[in-house]
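There are 2 protein chains.
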Amino acid sequence: QIADEIEAHFLKNAHGPLKGRRILVTAGPTVEPIDPVRFIANRSSGKQGYAIAEALRNHGAEVILVTGPTHEKIPAGIEVKQVQSAREMMEASNAALPLDCAVCCAAVADYRPEIETTHKIKKERGGLTNIPLTENPDILKTLSQMKEGRPRLVVGFAAETDDVLGHAEAKRNRKGCDWIVANDVSPGEHCAMGGDRNSIILITDKGDEAWPEMSKADVARKLADSIAEALRGPTLVKAAE
Amino acid sequence: QIADEIEAHFLKNAHGPLKGRRILVTAGPTVEPIDPVRFIANRSSGKQGYAIAEALRNHGAEVILVTGPTHEKIPAGIEVKQVQSAREMMEASNAALPLDCAVCCAAVADYRPEIETTHKIKKERGGLTNIPLTENPDILKTLSQMKEGRPRLVVGFAAETDDVLGHAEAKRNRKGCDWIVANDVSPGEHCAMGGDRNSIILITDKGDEAWPEMSKADVARKLADSIAEALRGPTLVKAAE
Chain X
233 QIADEIEAHF LKNAHGPLKG RRILVTAGPT VEPIDPVRFI ANRSSGKQGY
283 AIAEALRNHG AEVILVTGPT HEKIPAGIEV KQVQSAREMM EASNAALPLD
333 CAVCCAAVAD YRPEIETTHK IKKERGGLTN IPLTENPDIL KTLSQMKEGR
383 PRLVVGFAAE TDDVLGHAEA KRNRKGCDWI VANDVSPGEH CAMGGDRNSI
433 ILITDKGDEA WPEMSKADVA RKLADSIAEA LRGPTLVKAA E
Chain P
233 QIADEIEAHF LKNAHGPLKG RRILVTAGPT VEPIDPVRFI ANRSSGKQGY
283 AIAEALRNHG AEVILVTGPT HEKIPAGIEV KQVQSAREMM EASNAALPLD
333 CAVCCAAVAD YRPEIETTHK IKKERGGLTN IPLTENPDIL KTLSQMKEGR
383 PRLVVGFAAE TDDVLGHAEA KRNRKGCDWI VANDVSPGEH CAMGGDRNSI
433 ILITDKGDEA WPEMSKADVA RKLADSIAEA LRGPTLVKAA E
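The listed protein sequences derive, respectively, from chains X and P. Per this note's numbering, the first sequence starts with residue 233, numbered consecutively. Per this note's numbering, the second sequence starts with residue 233, numbered consecutively.
Note that these hints are calculated values from the structure, not bench results. Errors might be hidden in some of the hints.
If several chains are the same, the list does not tell them apart, and a pair holds so long as it fits within one copy or across any two.
In silico BS3-like pairs for lysine-lysine, Cα to Cα no more than 30 Å straight-line [claimed, not checked]:
no., residue 1, residue 2
1, Lys373, Lys354
2, Lys352, Lys251
3, Lys379, Lys305
4, Lys313, Lys438
5, Lys305, Lys438
6, Lys354, Lys251
7, Lys313, Lys354
8, Lys313, Lys352
9, Lys454, Lys352
10, Lys313, Lys251
11, Lys438, Lys354
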């Protein structure tokens, strides 16, 4: 771990293209409790988000990683906030402001159980016939549509099972984020979830860019390069506040 | 891994007290899909169940471990069946029959979503306002109440948050199992879930036995000792078929 810290120190001080930039990365799933033993969650290993946080650090950025429960190793040289629910993730993301960039990679639950009971729900007492849900805060939308102090670049992720490009482009418009990283998570597909490789489409105001399949570390490096370029130039329309 | 196999080989052939006994252990959570990305699950690390499977193997038993998704290492010298849902766990448990003993340690979801959609449910298309549930098969009850070929000893687990002993004793009667291993998983408690230590009460036809807090490996060894004793003698009322 000391070796990691030293490595991170040298990597971070490498006068990288993102030196001085403050960037939020959200990663992993959120976990929404039903009662003390049951919960609703999303499938997300956190691998892609952690790789992005590391790639941004290696480019010299000051990275804040807000993460749901994963089995990934806590990376060195990064400020890590561990959260469970979408509400906790929203709060930690807000607390990270002001930001130059936000990369919302976490698989945030859109919904949570309306009521969280503190005692285990007993089947023999009538149990559960359905779980009433309520909407969670929308972290990507909230950051994208900030009236004041919006991060210059907000990047969302779209894990889709059908009409990947159509859904992802619609998501970009609906949320108001600058970029969307889209991938296909159909059960039948060569699935990105949990694996070490990924095949993504980067959707920006300039159009769609399908990247060849590569390791999640390579996706992270390539995305960090693109972020560094976007934050360098005056190319972002939405950044022209 | 070869060292593990060799170790397991020697441990298993140690002419232990459970030599020749066929024992099922269920462990870990079950995962009940809502759609390709969302699921309902239970909090369970699988640690106690895996430790029990290993302790039974070390006593010479032929162990079949039916396990939900965990991050535990697959133990050597044990037949392992990996499953996701309660229905899959029920099927794998039935397939393991005939058995001398069944140790149902898994945190099986009582309920699953009534409908599993194969496409990701979209929030912007109305999304989810509630999740209708349906009852899952009850593995412990099914094994306990078999009319023919019931395992001589069926052991259930009860993770409770209030009135631990009362709920656990009621569970023993309701399910028809021989023993219940009860523990307190209240959020405020020194919680067994995920940790390496456990504090249990063993409930049998002879009464309740509160064990002092010990490691999960020690709980496993002590339980394996008790199982070996129970399967040796003619002491089990329900075994007198």
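Structure-based check of each hint:
1. Lys373 x Lys354: between (37 Å within a copy, 16 Å between copies)
2. Lys352 x Lys251: neither (49 Å within a copy, 39 Å between copies)
3. Lys379 x Lys305: Intra 36 Å, inter 49 Å, cutoff 30 Å: neither.
4. Lys313 x Lys438: Classified as neither: same-chain Cα gap 33 Å, cross-chain 49 Å, threshold 30 Å.
5. Lys305 x Lys438: For lysine 305 and lysine 438, neither the intra-copy (35 Å) nor the inter-copy (47 Å) Cα distance is at most 30 Å.
6. Lys354 x Lys251: neither (54 Å within a copy, 38 Å between copies)
7. Lys313 x Lys354: This pair counts as between: shortest inter-copy Cα distance 28 Å, intra-copy 34 Å.
8. Lys313 x Lys352: Classified as both; 28 Å inside a copy, 28 Å across copies.
9. Lys454 x Lys352: between (46 Å within a copy, 28 Å between copies)
10. Lys313 x Lys251: within (21 Å within a copy, 50 Å between copies)
11. Lys438 x Lys354: Cα proximity of lysine 438 and lysine 354: across copies only (26 Å, versus 54 Å in one copy).
Hint compliance for this structure: hints 2, 3, 4, 5, 6 are broken, all remaining hints hold.
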